[in-house]
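Student: Just so you know, we're using the numbering used here here: the sequence shown kicks off at 358 and counts up by one.
Do not rely on the hints blindly, as some may be mistaken.
[Unchecked claim] FRET-style restraints, in silico, Cβ to Cβ:
id: 1; residue 1: S396; residue 2: D434; range: 29 to 35 Å
id: 2; residue 1: R436; residue 2: V401; range: 25 to 31 Å
id: 3; residue 1: S387; residue 2: N433; range: 31 to 37 Å
id: 4; residue 1: V421; residue 2: S396; range: 30 to 36 Å
id: 5; residue 1: M385; residue 2: R423; range: 31 to 37 Å
id: 6; residue 1: F418; residue 2: E391; range: 17 to 23 Å
id: 7; residue 1: K386; residue 2: R420; range: 18 to 24 Å
id: 8; residue 1: L382; residue 2: R422; range: 18 to 24 Å
id: 9; residue 1: E391; residue 2: C429; range: 31 to 37 Å
id: 10; residue 1: R436; residue 2: L388; range: 40 to 46 Å
id: 11; residue 1: N433; residue 2: P393; range: 47 to 53 Å
Please keep in mind that the hints were generated in silico from the structure rather than gathered at the bench.
Only a predicted model underlies this, so the values are computations on that prediction, with no experimental measurement involved.
Glycine included, each C-beta is placed from N, C-alpha and C at the ideal position.
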Amino acid sequence: MDRTWRTCGLASSLTGPQPTGLFLLGHMKSLVYEMPVDSAEDLVAKIVVAADKINTPPGIFERVRRSFLRRCELCNDQRGRHFEHLL
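From just these sequences and the hints, can you work out the full model?
Tutor: Next comes the structure, spelled out in structure tokens:
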């Protein structure tokens, strides 16, 4: 049975311990806490603004999509063998 696909770094990164939700949570947290929060109302307002900022710029997710596609293509070109040295 051919298991060369397991050597592809993509397989381990897809099943790794960091789901995409942690990226979003961390990014939102960094936006909310750029400045000190004085009250609960201030916190809610900053969360709303941060959520709007995350929804507005497609650039963040466009770069993620391009990077993912590039890794998929490299993995395919290398027939599932190691390709990290090509990045």
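Student: Now, for every hint given, state plainly whether the structure supports it.
Tutor: Hints versus structure:
1. S396 / D434: 29 to 35 Å: 54 Å, violated
2. R436 / V401: 25 to 31 Å: At 51 Å between Cβs, range violated.
3. S387 / N433: 31 to 37 Å: For N433 against S387, whose Cβ atoms are near 34 Å apart, the range 31 to 37 Å holds.
4. V421 / S396: 30 to 36 Å: 34 Å, holds
5. M385 / R423: 31 to 37 Å: This hint is violated: roughly 22 Å between Cβ atoms.
6. F418 / E391: 17 to 23 Å: 21 Å, holds
7. K386 / R420: 18 to 24 Å: 20 Å, holds
8. L382 / R422: 18 to 24 Å: 20 Å, holds
9. E391 / C429: 31 to 37 Å: 34 Å, holds
10. R436 / L388: 40 to 46 Å: Holds, at about 41 Å.
11. N433 / P393: 47 to 53 Å: Holds, since N433 and P393 (Cβ atoms, about 48 Å apart) stay within the stated range.
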